[in-house]
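I would like the entire structure built from these sequences, with the hints used as guidance.
Per the working numbering, residue 18 is the first one in the sequence shown, and the count goes up by one each step.
Warning: the hint list may mix true and false statements.
What the hints assert, rightly or not - Mimicking SDA-like on lysine to any residue, the simulated pairs with C-alpha atoms at most 25 angstroms apart in a straight line are:
no.: 1; residue 1: Lys54; residue 2: Thr75
no.: 2; residue 1: Lys54; residue 2: Val115
no.: 3; residue 1: Lys76; residue 2: Gly49
no.: 4; residue 1: Lys58; residue 2: Ala91
no.: 5; residue 1: Lys80; residue 2: Lys101
no.: 6; residue 1: Lys101; residue 2: Gly77
no.: 7; residue 1: Lys58; residue 2: Gly105
no.: 8; residue 1: Lys166; residue 2: Asn102
no.: 9; residue 1: Lys58; residue 2: Lys76
no.: 10; residue 1: Lys62; residue 2: Asn97
no.: 11; residue 1: Lys101; residue 2: Pro32
no.: 12; residue 1: Lys84; residue 2: Asn102
no.: 13; residue 1: Lys76; residue 2: Pro126
To be verified - Simulated DEER-style distance windows between Cβ atoms:
no.: 14; residue 1: Val95; residue 2: Thr136; range: 14 to 22 angstroms
no.: 15; residue 1: Lys54; residue 2: Thr156; range: 13 to 21 angstroms
no.: 16; residue 1: Asp104; residue 2: Gly155; range: 47 to 55 angstroms
no.: 17; residue 1: Ala127; residue 2: Glu56; range: 21 to 29 angstroms
no.: 18; residue 1: Trp72; residue 2: Gly94; range: 15 to 23 angstroms
Rather than coming from a laboratory, the hints here were simulated on the basis of the structure.
Where is the CB? At the ideal position from N, CA and C, for every residue including glycine.
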Amino acid sequence: RQIVLEYSYCFGLLPLPAITALDPAELRAGSGQTAVKIEGKNFQKGAMVSWGTEWLETKGVRKLECKVPAKLLATAGVLNVTVKNPDGQTSNTVVFTVRAAPALTKLTPAQAVAGAGDTPVTLDGADFLSASVARWNGTSLATTYVGPKLLTATTFGPAPIAKSISVTAGIREMMRVGCALRSVDDGA
Numbered sequence: 018r019q020i021v022l023e024y025s026y027c028f029g030l031l032p033l034p035a036i037t038a039l040d041p042a043e044l045r046a047g048s049g050q051t052a053v054k055i056e057g058k059n060f061q062k063g064a065m066v067s068w069g070t071e072w073l074e075t076k077g078v079r080k081l082e083c084k085v086p087a088k089l090l091a092t093a094g095v096l097n098v099t100v101k102n103p104d105g106q107t108s109n110t111v112v113f114t115v116r117a118a119p120a121l122t123k124l125t126p127a128q129a130v131a132g133a134g135d136t137p138v139t140l141d142g143a144d145f146l147s148a149s150v151a152r153w154n155g156t157s158l159a160t161t162y163v164g165p166k167l168l169t170a171t172t173f174g175p176a177p178i179a180k181s182i183s184v185t186a187g188i189r190e191m192m193r194v195g196c197a198l199r200s201v202d203d204g205a
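As structure tokens, then:
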């Protein structure tokens, strides 16, 4: 007598993880440790993130979050980011940009009459971000990002003579220029 056992076994691979966005997608060189959200699909609990040269632990499943240490944000450049699930599958690679500190080189007009009222100003420089904000005597101005080399803003009046105008991105002050535009320093 012969016994035949029949069974079938089906297996399938889980879909590959895929990164669709990083939030934030860029930071300034010298930023401290920063939490970054990784948006995408097919992430598994316990996924790890390759951030440049280091593997970082994550929280979450549908949207991952990791803490990027300050040492990986110390200098300007690009870092490749990938997600690796516990089953060994690896996502696409996306680029995270660490931007250089901005350089504010010119303020137009360089002088204004005290108490003259609202005055439009143009700030020329380099490495501005869309989140950059002009500050007049320490007060934030409504700022328009025109591009990485140009910002515009309007002082509100009647305003006293400004001692300084600076550009900030996030909470860190980046550059300061004297009103007469005699010097540019690193904001320290």
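Which of the listed hints are not met by the structure?
-> 4, 8, 13, 14, 15, 17
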